[in-house]
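Student: For the record, the sequence lines run as chains A and B.
Numbered by my numbering, the letters in the first sequence go through residues 1 to 338 in order.
Numbered by my numbering, the letters in the second sequence go through residues 339 to 542 in order.
Mixed in with the good hints, there may be bad ones.
With a straight-line Cα cutoff of 27 Å, these simulated DSS-like cross-link-like pairs (lysine-lysine) come out [claimed, not checked]:
(1) B:Lys399 to B:Lys424
(2) B:Lys501 to B:Lys424
(3) A:Lys48 to B:Lys399
(4) B:Lys418 to A:Lys48
(5) B:Lys418 to B:Lys399
(6) A:Lys48 to B:Lys424
(7) B:Lys533 to B:Lys397
(8) A:Lys205 to A:Lys31
(9) B:Lys397 to B:Lys424
Bear in mind the hints are in silico, worked out from the structure with no lab data behind them.
The chain contents come next:
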Amino acid sequence: MRPFSYQRATDPTAAVQALGAAAAANTPLTKATAQPLAGGTTLIDLMKLDVMRPAGIVDINPLAQGWSAIELKGDGLRLGALAKMADVAAHAEIERHYPVIANSLKLAASAQLRNMATLGGNVMQRTRCSYFRDVTYENCNKRNPGSGCAAMDGVNRMHAVLGVSDQCIATYPGDFAQALIALDAMVEITGRSGTRNMPFAELHKAPGSTPDIETTLQPGELISAFSVSGRWPRSVYLKARDRQSYEFALSSAAVALDAQDGTVREARIALGGVATVPWRAREAEALLKGQKFDDGLAQRVADAAFAEARGRRHNSFKIALGKRVVARALQQAVTMEI
Amino acid sequence: MSNTSGSKQSAFDRRAFMAGAAGSALVPLTARAAAAEARAAAPQDPALPVDVTLHVNGKEKRLSIDARTTVLDALRDHLKLTGSKKGCDHGQCGACTVLIGDRRVVSCLTLALAAEGQEITTIEGLATDDHLHPMQQAFIDNDAFQCGYCTPGQIMSAIACVKEGHAGSEADIREYMSGNICRCAAYPNIVAAVKQAAPEIMKG
Numbered sequence: 001m002r003p004f005s006y007q008r009a010t011d012p013t014a015a016v017q018a019l020g021a022a023a024a025a026n027t028p029l030t031k032a033t034a035q036p037l038a039g040g041t042t043l044i045d046l047m048k049l050d051v052m053r054p055a056g057i058v059d060i061n062p063l064a065q066g067w068s069a070i071e072l073k074g075d076g077l078r079l080g081a082l083a084k085m086a087d088v089a090a091h092a093e094i095e096r097h098y099p100v101i102a103n104s105l106k107l108a109a110s111a112q113l114r115n116m117a118t119l120g121g122n123v124m125q126r127t128r129c130s131y132f133r134d135v136t137y138e139n140c141n142k143r144n145p146g147s148g149c150a151a152m153d154g155v156n157r158m159h160a161v162l163g164v165s166d167q168c169i170a171t172y173p174g175d176f177a178q179a180l181i182a183l184d185a186m187v188e189i190t191g192r193s194g195t196r197n198m199p200f201a202e203l204h205k206a207p208g209s210t211p212d213i214e215t216t217l218q219p220g221e222l223i224s225a226f227s228v229s230g231r232w233p234r235s236v237y238l239k240a241r242d243r244q245s246y247e248f249a250l251s252s253a254a255v256a257l258d259a260q261d262g263t264v265r266e267a268r269i270a271l272g273g274v275a276t277v278p279w280r281a282r283e284a285e286a287l288l289k290g291q292k293f294d295d296g297l298a299q300r301v302a303d304a305a306f307a308e309a310r311g312r313r314h315n316s317f318k319i320a321l322g323k324r325v326v327a328r329a330l331q332q333a334v335t336m337e338i
Numbered sequence: 339m340s341n342t343s344g345s346k347q348s349a350f351d352r353r354a355f356m357a358g359a360a361g362s363a364l365v366p367l368t369a370r371a372a373a374a375e376a377r378a379a380a381p382q383d384p385a386l387p388v389d390v391t392l393h394v395n396g397k398e399k400r401l402s403i404d405a406r407t408t409v410l411d412a413l414r415d416h417l418k419l420t421g422s423k424k425g426c427d428h429g430q431c432g433a434c435t436v437l438i439g440d441r442r443v444v445s446c447l448t449l450a451l452a453a454e455g456q457e458i459t460t461i462e463g464l465a466t467d468d469h470l471h472p473m474q475q476a477f478i479d480n481d482a483f484q485c486g487y488c489t490p491g492q493i494m495s496a497i498a499c500v501k502e503g504h505a506g507s508e509a510d511i512r513e514y515m516s517g518n519i520c521r522c523a524a525y526p527n528i529v530a531a532v533k534q535a536a537p538e539i540m541k542g
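The shape of chain B in the complex, shown without the other chains (with noise of 0.2 Å):
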């Protein structure tokens, strides 16, 4: 991985990208930030922060960034929030789940700037001041873990799952949480708490 500002020739295609980009009908971020509404008079610059203004747990949180921050690492590095968890931060772990609307995704494959505007739910924003989620209860209740480290992934995976309808049999819980790696090993027990949950989640 490289954080470097690249070769020449790469400098050189930022320069034609950028004067090439220039008086498009774009939105530049950080006047999007400012005023929805402004027209593009130049992309941003990659050399500056950028502001974005993010919706998670329920709470507007404006943060100045570089344009390569994940929401993973927004949420981890910027706002303190690190229950997500950062496995192999390539999509292929589910360790980093979170939801954005109602989808869970990865939040390491997704740009904190691509996920403006949108509602993200972490694992910090399950429970209420005295009571756990049911999928948190649930995973508590049938020992679903042994180290933790996936058990946010997993857990918001799975009122996913839940919510999406794709609870209905240990078969169909183990084919739609295939997307959450446990090297414990702890899947049965995993499976165990779905089931327990998904009546309590439908519900409502």
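Isolated chain A (complex conformation) (with noise of 0.2 Å):
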């Protein structure tokens, strides 16, 4: 690991004029001279491969008082960026007006990594496409532009067919971010001109020709909550995987809906392990409103997803499966008792 200048920052004012001072104008956020240290389990392990070279590190586990709450309010829901993933995902309210946020946290990482990871820095982790975490391979537009990718005709199982790009196809990982986006949620964002929000699904950026800027976010921006509008007992995280347990998925889908005996009236469709970005189901979801749920409709809104999916050599099989995934995790939520 590179050396780095270590400082732990006491309050938001500290932190993001740290972030900042450091930050280069155009420098991409993943490349900022400065990183903010939540939970680690990232930028501790990108930094071991040297994936990540920050010369300064920012702890803002301090801030952790102010920006960890999880509040049910009115019909609203707020959580602290820096929530551990852990206590969210045991959260009895969460459980039970949020499922699909409570179990795409269980269904992701293991305890001791729930137990360290942080909500805001869960959405920030960065892919696990082998060739982007491993140095030695030189073709990696993500880790340096232009140099092309090595993923696009090689072993691409694990990658992604929906929101791709000729430069890059490296999968997003992250389950809780899946269930935001099904969830309509805003992201609250600090910098050092105060606090912002926008919706969450703008926080992504797919790869395009700059595959290198992952988000929106700025150099000397942290995000300091999200929120959401409403109850959604009715919705279900499915995720399928290559073993039972901590693993990141092959396919996932979160799905929030408003229904009553059968028939739909608001359905929201998230889609994971599939596409380079959080992916909203759009499309899908519109083919929905106000039907009556059965098969063939939830085999029509499958198809619907992943009508503009695009396989390689060897991630095709992700249509076929996300498919299932998406059918099968609409059959759970219009099922299930609420």
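Given two chains presented individually in distinct reference frames, assemble the corresponding complex, making use of the accompanying hints.
Tutor: Laid out in structure tokens, this is it:
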């Protein structure tokens, strides 16, 4: 690991100042000179691999006192960005009113990592693309812009089929972000000029021609909270993976429904494990609205969700798998007792 | 993995970072150890060792270490507590599991600096003079290992698993112990050990 200068931020202003002061103009966040340290499960890992090389680390854990609350207010929800995955997953009210959130967190990582990792850090985790994580591969447009993509014609079984570009097919690996997408969540961002809120769906950027730019967050900005409107007891997170526990998704679906007696009033569907960003399947959602749910409709919705999918040599199976995951998640959501 | 001090570009960035961050309301590490209320004059110089006080198994340990040192390396290399094992060193295998406060964490991805001021419990901190911890005894009783390399991490993880309330069924134990890999595949016996020790641990 390369040497770094460590600082502990005692309040949000100090944190964003330290992170922002080190930022050069137009530096992608992922290459920013100073990186915030929360749970450390991505950052320290990637620093050991020499993928991330910050000269400075700003430990933001002391901010947890103000930034880790789990608050159900009125009919909405606010989650502090430094809340630990394990604490949110085990929260009785989250389990009851937002099962898609609780289950997306429970099915992620291991008990140890969920104890360490924060919600804000979790949505910022980097791809698990093995060509990205191993610096001995020269060709990675995400690490070295313009160098090419070793995954494109390499072993790409784990890679994305949606939101891909000719520069990058790296999968967004998380689970919780899909729950936020399905719940139409907002993200609160704290920077040097105060806080701003934007739809969580606007946080992640598809790779396009700049796969090194992964989010719209700027150096010197921190995620401070997430918020959701309404209660979503009829919501499901379904995850298909190579082993039963402690594994990234091959395909996952976060589904939130407003339905009664089998008729769907409102539907949101987000896909994981198959896309370069937390993926919203809007065309698929539209097919459900106002319709009586049955298995045939589930199949048409699943087909629509993957209509634009582009498989490569080893990952085309994800299209068939992903459709089944979507159909099953919908069936579970429609029939769940709330 | 690299221990080099980086390219010319990153040396420039480092100066920019240190200059830019100077004077902000941050607590520098060396000063924090010396005087809790001290304000930052400049961030810690990465070329110099950092003074850090760790609380390990009820004892206060003062160390002067490289800022890059993880809790795992501080335990093994500086405090000679080699019970916590280095398996993957990337948070994937669980062999380095320790408790920080009452939470199980992977010590290989935890910076020693970030653990300052918190109580760290390792496998060496479990037994009292004459008695093994119930989970240690249960692992022996159930032959819950072969080579033993993952065992300290399994035991630390298992204690937390029980205290979290995740040892109610075999399925729960398997799910909530999945962060500890055993390449000898002693899993059935590990599950049996956790089941045996759980009631005694919950009694307190």
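Student: A separate judgement is required for each hint: does it hold in the structure or not?
Tutor: Here is how each hint holds up against the structure:
Distance restraint check for Lys399 of chain B and Lys424 of chain B: the Cα-Cα separation of roughly 21 Å lies within the 27 Å cut-off, and the hinted pair is therefore satisfied. Taking the CA atoms of Lys501 of chain B and Lys424 of chain B, the gap is about 25 Å. The hint holds against a cut of 27 Å. For the hint linking Lys48 of chain A to Lys399 of chain B, the alpha-carbon distance of about 25 Å falls within 27 Å, and the restraint holds. With a C-alpha separation of about 22 Å, the suggested pair Lys418 of chain B and Lys48 of chain A falls inside the 27 Å cut-off, and the hint holds.
Between Lys418 of chain B and Lys399 of chain B the CA atoms are separated by roughly 12 Å; this keeps the pair inside 27 Å, and the hint holds. The hinted pair formed by Lys48 of chain A and Lys424 of chain B meets the criterion: a straight-line CA distance of about 14 Å does not exceed 27 Å. Note on Lys533 of chain B and Lys397 of chain B: the hinted pairing is violated, with a Cα-Cα distance of about 31 Å set against a maximum of 27 Å. In summary, the hint linking Lys205 of chain A to Lys31 of chain A is supported, as the alpha carbons are separated by about 16 Å, within the 27 Å threshold.
The hinted pair formed by Lys397 of chain B and Lys424 of chain B meets the criterion: a straight-line CA distance of about 22 Å does not exceed 27 Å.
Checked against the numbered hints given earlier, the structure breaks only hint 7 and satisfies all the rest.
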